[in-house]
Each structure stands twice: as C-alpha cells, then as structure tokens.
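Trainee: Spelled out from the first residue to the last, the chains are:
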Amino acid sequence: MKAFDSQRPRSSPAARRLAKPARRSIAALMAVCLASVVLALGGCRTEKPKPAPPPAKSAPAPSKPEQKLVVFAAASLREAFGKMADEFAKSHAGVSVTFNFAGTQEIRTQLEQGAVADVFASADERHMKALKDAGKVEMWSVFTENEPVLVVSNEQRGTIRSLADLPLANRIVIGVEEVPIGKYTLQILDKASASLGKDFRARVEARVASRELNVRQVLAKVSLGEADAGIVYRSDLGVAKASVAVVTIPSELNVIAKYPIAIVKGGPSPALGRDWLSLVLSSDGQGILQQSGFMALSPSVVPH
Amino acid sequence: MGVGSLLALYLAAPVMGLVAATPWGDFVMGLHHPLVWPALRLSVVTTSITLVIVVSFGTPLAWTLARSTSRAWRVVEVFVQLPAVIPPAVAGVALLLSFGRRGLFAWLYPRGWSVTFSTAAVIMAEVFVSAPFFIQSATSAFRRLDRNSIIVARTLGAFPLRVFTRIELPLAVPGLLAGAAMSWARSLGEFGATLMFAGNLSGKTQTLPLAIYTAFESDLRAAQALSLVLIVVAFGVLVVVRSVSAAPRARER
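The listed protein sequences derive, respectively, from chains A and B. First residue of the first sequence: 350, per my numbering; consecutive thereafter. First residue of the second sequence: -6, per my numbering; consecutive thereafter.
If we strip away everything but chain B, and leave its shape as in the complex, we get (with noise of 0.2 Å):
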C-alpha cells in the first residue's frame, strides 16, 4: 500500500503544484484570456469527432483482431500499436510524408492542395495518436468474452451480426468504454504531432494545449491558468465516463 501510494501521490504531485501555484483570480483570467475560447470549443469539436472515427472503425477493427489466429492479423495489431510509442512530433512528421504536399499520398489532391493547416488535419493527427488506446483496450475486452455463450448462441440459431449486437457488444462496454476514455484523454492532450502537421492557427488548429504553449511564450500565468481549464475538462469527462461505465455493471446486481 505504501508504495502504491507513493506512485499515486507523485501523479497527482503536479496538478497538484499547478493548482497551488494558480490563485482564483488567475484561473479566472485565464477564463476570460482572448485564445482560451476558441482554443477550448476546437478541442472540444475535434476530440468529439476523433473519438466517433476511433470508435466507429476500431470497435470492428479490435473485434477482428480478438477473433483471427492469422498470423497477418498479428502482424496488423503490431503496426496499429506503433503510432503509441512514436515520439508525436515524429508522428507529424510522418503524417506530412505521407499527407503533405510533397507526401506520398499526395497524388490524391489536387496539385499544390493538401489537408495540412486544415481542421482535419487536427483530426487526422489525434486519430493517429490516439487510436492505439482504443483498439488495444477493444481487443483485450472481445478476447476476455466468454466463448461458449457466443457458440450456445450460434447453436441457437443466431446470426453473427445478432451474436455480435445482443451478446458480444453488451458484455465488452466496460473495456471500450475504458478504451473511449483513454483515447479521448490522449487526442486532448496531443500538441506534437498536431503543431507539425495542421500548424497553429486560432479558432483553426490552435487547440488547448498549443494555445497554453502560445501563452507559456509571453506569460507563464496565463499557459498556468489555461491548463487548469484543460484539467478541468479533462477531469470532469474522466469523471462522467467513470460512472457511465460503472452504471451497466450495478444493474447486474
């Protein structure tokens, strides 16, 4: 326990600085700071929008992956970890390789066009990043399920689609929800690969975490009181997946 604890405290040891070294009227300047705004309703939107994309591909994604013993599938769940342990500016830099102007993936836009400096670009980069969490914590919730439900339920005569919405789907919510939650947590703190590959341009593609690196530039105070806000929000969406995920499982009872 003491050393359990040990680790809890260092974790909360810096929001716990941050908080401390920001008095009240800090905070609430930095509420009414000119990129705060704009900042935050970008972050929100292209968040949101990530994590339906993560969700609607990587649920059937992570699902394949639980379900094939074929070695190229083992293969594919290695290459779809990777962008988690790639350093993000290096993931920026990548996606402009691929996605730039001069990308490989460049003969798909009209000459001299790219989606680079674009809000979909803020997409893309948190999709790249953030994925990973998603799919890995999926993949372990199918791979956990009970099989001989799913084969009773085929003996029964249900079809795979049904076996998939009725049982499989219901009984794995806990680990996507944990994995949504991750995910959602990491695209809202992307900076890296986002500033190399959409740029920084308010109400555009400065989220949150570039505006507090833009304020960090000309007043600490200011890049202090806009994290509180990111933790804030942060802490509050934590909060509400939490007993959102806890909800199913007191019902069983």
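Isolated chain A, as found in the complex (with noise of 0.2 Å):
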C-alpha cells in the first residue's frame, strides 16, 4: 500500500477519492482470499502444526527458482522423510526443503484448491489416481509399503496374542471405513471370516468401540490403555512400541497399503522434485523407509 502511494505523491482529489474505493475493496479481497485459504485447509489436526501452502500466483518469482523444494506427504512419513531431508542436503546444499505432513485426503483438497507443491507422497492410491485425472500431477509411482499390525495393550498382552484372539478384547478401536487403515482393516477382517469362521468379522466388530480418523488416534487409545486392542501400520509404532504389544498379522490374511509418490504439476522447482523422487527410489531412501518401519519395495511395481 506504501509503495502505492508513494508513488503517486501528488494525485488529484478525484484521483484520492478513487483510490480510497479501490483501496476498500482490497482489503476485502484480502479478507475474502484469507477466507479461502482457511476453508481449503478447513478441519485441520490441531496435533499438526503446518505451513500454509503458498499462495498460488500472487508471489513474483524469485530470483533462484530451484533453491525451495515443497513437499506433501502422508502425515505417516513425517519421520522418514524428515530423515530423509538429511541426506538430501548432503548433495543440494542451500536447498530449503519444506514440508506439509497432513491426511492423504487432506493434502488432496488442499492441491485441489490450488496449494503449491513439487512432490506429492500418498499413503493411498485412490487419492493419487484422482488427482491424476484431474490432471494435478504426473505420473506416479509406488515407492515403498506399510503393513498393517495388531497392537494390544499391556493389560492384555497376555490374552490376544494373534488376529485369531481378536473377538476376546472387550474393547477394539479401528479406523473409520472412510480412511485407509479402516478399509485395510476391513478388508483384512473379511478375509479372517474366511479361515477363522464366517462371523469373525462380526464378532470383532460387535466389540469396536470406535472407528477412529485417524492411525494416531487408534495407537493413543491402545497404548494409554483404554483400548484392548487396534489395528495400526507397522511404520506407526515408533515410540509407542514400548507402551503396546505387537502381533504381526499372518500374510495370507494381511492387506498391504501401497505409498504412490507423484511430481506435482505446476510447482516451481520440478527438477529438485524429480531429484526427491530419485532420493526416495533410490537404495539410500529405501533403506530410511526400512529404519521408519516400511516394507521393502516389491519389485513387481511398475510406473502408473
């Protein structure tokens, strides 16, 4: 607003009162625009703190595009992929890298509405093929697995000691069908019902006592206690191994989710993206992903 009028030092009264209009109406676009960008990320996890994503065209390029690299990823990869910074700067120095960890779906509406992004890593590839077709990113690849695992609470550690056992807990927490650790969940219920009897599904499900928004959500209810036992992915466990017992699901029951990776369409430094994407694919990466908790890429996986 300065520089505005510093540069007309000497307008005319008509000219001022033109102005002042003008002036009001931007400070309503501004107030308009601020809006949106809460409505775009609207419902956020308080537990998530996140940088608001640029905004899409106002900001004059700068001077050295290449030097920022933005990324958003399933809020799961938060470790990995801050680890996964590190080794980055080692071979780009002077490259900020800026992350946005939030929901799969969350990060789909905020790139819908326009957020800016290089690299899009999703722990679902429903999300990533939707955004496919709405032309947002490019081509996407699976870079890595997650498996999900039973985890019981101490007080009953002793009781459910594999999927079979389930139906015991007097209190189960899953994910919601809508998010998809839920679905995985569901699905890895089903298959169950098939070898451990055709009400196994039932019978579990008559003892869940919330269908949780998300991973987190599940682990916290398990390892305070509250919950005698969840389903959650193995890359969650982190700190929370110490609080909960760990039952592997038997592979043939099991359903594994696949994390797509995509360049972003329209972010402003592409070749620092396709660089992460080499980092992530690369054996380096593969190996962080392992250390966070991720399965070893399956070497079927071709580019979609």
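The hints are simulated quantities; they were obtained by calculation from the structure and are not laboratory data. Glycine included, C-beta positions come from ideal geometry on N, C-alpha and C. Mixed in with the good hints there might be a few duds.
To be verified - Reference excerpt, derived from the structure (chain B facing chain A, CB under 7 Å, subset only):
1. ARG94
2. TYR206
3. LEU221
Starting from the two chains in their separate frames, assemble the complex, guided by the hints.
Mentor: Take a look at the structure:
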C-alpha cells in the first residue's frame, strides 16, 4: 500500500477519491482470500502444525527459482521424510525443503484447491489416481509399502496373542472405513472370516468401541490402555512400541498399503522434485524408509 | 465503521464461501447422508444435557465467584477459565488421564471399566470445554448488579434465597442467556476433546462435527453439505436465543 501511495505523491483529489474505494475493495478481497485459505485447510487436525501453502499466483517469481523444494506427504511419512531431508541436503547444499504433513485426503483437497507443491507422497493409491485424473500430478509410482499390524494394550498382551484372539478383546478401536487404515482393516477382517470362521468380522465389530479418524488416534487409545486392541501401520509404532504389544498379522490374511509418489504439476522446482523422487527410490532412500518400519519395495512395481 | 465491517466481513466470508460452494442439490443430498441424522440427534441430545448441567451448576458457582472477595475464590475463578484456553485435543487427553481406565480417578470404577467411548463421555467433554463460557458471562452479570437494591431487599427482611430468586436472578437473566448461548455454541462445535475422550461411533459418540470430519475423509462435498446443516441448526438456535433475551428488555419499556 505504501509503495502504491509513494508512486503518486501529488495525485488529484479525484484520484484520491477513486483510490479509497479501491483500497477498501482490496482489503475486502484480502479478507476473502484469507477466508478461502482457511476453508481450504478446513478442519486441520490440531496436533499437526503445518505451514500454509504459498498462494497460487500472486507471488513474484523468485530470483533463484530452484532453491526451495515443497513436499506434501502423508502424515505417516513424517519421520522417514525428515531423515530423507538430511540425506537430500548432502547433495543439495543451500536448498531448503519445506514439508506439509497431513492426512492424504486433506492434502488431496489442498492440491485440488490450488496449493503449490513439487512432490506429493500419498498413503493411498485412490487419492493419487483422483489427482492424476484431475491433471494435478504427473506420472506416479509406488515407492514403498506399509504393513498393518495388531497392537494390544499391556493389560491384554497375555490374552490377545494372534489375530484369531481379537474377539476376546472388550474394546477394539479401528480406523473409520473412510480412511485407508479402516478400509484395510475391514478387508483383513473379511479375509480372516474366510479362514477363522464366518462370523469373525461380526464378532470383532461387536467389540468395536470407536472408529477413529486416523492411525495415531487408534495407537493413542491402545497405548493408554483405554482400548484393548487396534490395527495400525507398522511404521506408526515409533516410540509407542514400549507401551503396546505388537502382533504380526499372517501375510495370507494381511492387506498391504501401497504408497505412491508423484511430481505435482505447476510446482516451482520440478527439477528438485525429480531429485527427491530418485532419492526416495534409491537404495539409501529405501534404507531410511525401512528404518522407519516401512517394507522393502517389491520388484513388481511399475510406474502408472 | 469501516474497520469494524471489515472484521464482520471476514467472519462472514467462510460461511459465505461454504454456502456458495454447496449447491442446493448437494445440501439436500447432505440431509440424506447416512451419517447425518444419528449425528444430528446425538448432537442435539448431548448439547441439551450439557447445557442443563452447565447452567444448573454454573449459576450458583458464578454467583459465589461474583460475591466472594477471598483470594481462594479468585484462584478458583482462574482454574475454571483454564479449559477455555487448553487446546481441545489436549483437553481430551487430560480427560483420559483423569477419567480413563488408567486415569487418576480410575479407582471410582469397577476394574477394567471406564466412562470412555460412551455417550456420557461426549457430555463430559462438552461440559469441560463449554462451561467456562457460561461461568465467565454469568459471573460478570452478577457482578454488574446494583448492590443497593440487594441491600434494601435484605433490610426489608427478605431472606437471601428470596433476594436471589426475586431480584438477582431476574436482573442477571440477559447475561445468563448470552453466556448460555455462547456455551451451547461451543459444545455444538466441540470436536477435539470428544474424538480423544469419547471416540467416534455412529449413534453413540459420533456428534455432528465428528460426522463432518468422517465424511470429509471420503467426500468433501458431503462434508460441506453436513457443515451447512450444522450452521443452519446453530444459526436457528442463536436467533431464537437472541429474541428470547431481547424480550424481557422490551417489556421493561
């Protein structure tokens, strides 16, 4: 505003009269822009502070356009991608990596509403497909896999020692069907019903105390002993390992989550984005992912 | 005026954005969403019970806070304001650590049981986060009362309870109603503490904000439509409260 005024120090009264409503409408516009950003981020989970995505078109082109990499990633990748950034810095001195970790659905909404990013790593192929169909991302490929496991509270670790024991729990928490872990959980229960008895899924669902909105909520409730058992990803265990018992689900009954990654169209640093992708797919990157509990990439994966 | 209307515009903008982005057909679809009716019913029932609890316990508490001059009650006043500044998710964790299976007060329960994951837990979460709004408003309403009329009534031989019901309470009603409306609105929108302490199960603990978030995970349009349902309900109740609280003042004239 100041720059605007100083350019016209001796404007005519008419011009000043014009400027006032213009200023007012600019202010109103700003309010509306702010509001739409708030709306786009609508219902951010409180426990995840995230940088607001930079506004789409208003920012002028930076003088060094390739110095900043913006990575949007599923919340479960927080730890692994944090380490990945340290590795990335070794070969890219002076490049700052900005992360936005959130639920995959939230990120999809942000990208659909025009948030700017170079890379998107999703916990779910469905959302990536939707973004590809909408022309928001380039070709994508699966870069890692995550294994659902059964977690049991310390009080119940002697009782629930396999998936077959799950109906013995009084309170089970699972992900709600709308989130990937909930969808996989129901698929696992269906598979288990085929081998552990037709009513297995029904017996488990009769004990479900809550259908949580994300994996961390499931894990929190089991590790606090509030629920007896739940199903989460192995990569989410982290520091909770000490407060829960981990029971592996037999591989023939399990449903493995596939994580796709893609370059986002219209991002400021596509070249850096491609470097990030190659790091994630390299043996160094895969090693970091495995340290965080992700699975080794199966060789059958092909780009989509 | 210009600056003030800017803020009003800013506060209205997200609601306008939501309305503009939700075609009528989507809104109708939202009303038929399988999650909406159980959630709306649960929200209405739990927030009503919450309001009754908050008003019937909060009014005597606010009266005491307004009357008392002791330092102990000033400390109490600060403590009862705390839930308003604690982030809701933290409030949920705090409730778990107090009333959960391993909580500080778990000895109150039969072994292995706890109030968590029940409709009662939803109400507990709502009372915790919304009561400060009523207490604050009610306390200042009682503080603003004219001391002289109370002293006169007492010297004329009215007992304290009679002074309270016939003089103090009627005079404080507008402040109490405003506080009740604020407190109710807060409990209707309550999300974080409920999710943490009561969980998310349709028909039992899934209130409207939780249903909105659940729908948001699969279908943004459904979430928008459900949000609009919530806004319409909240708007309707706030309008009714405003007209009710305006009525006694109109009669005075």
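Trainee: Is the shortest C-beta separation between ARG94 (chain B) and chain A less than 7 Å?
Mentor: holds, 5 Å
Trainee: With 7 Å as the cut and Cβ atoms as the points, is TYR206 (chain B) at the interface with chain A?
Mentor: holds, 6 Å
Trainee: Does the CB of LEU221 (chain B) sit less than 7 Å away from some CB of chain A?
Mentor: The hint is violated - LEU221 (chain B) has no Cβ within 7 Å of chain A, the shortest such distance being about 13 Å.
Of the numbered hints listed earlier, the single one contradicted by the structure is hint 3.
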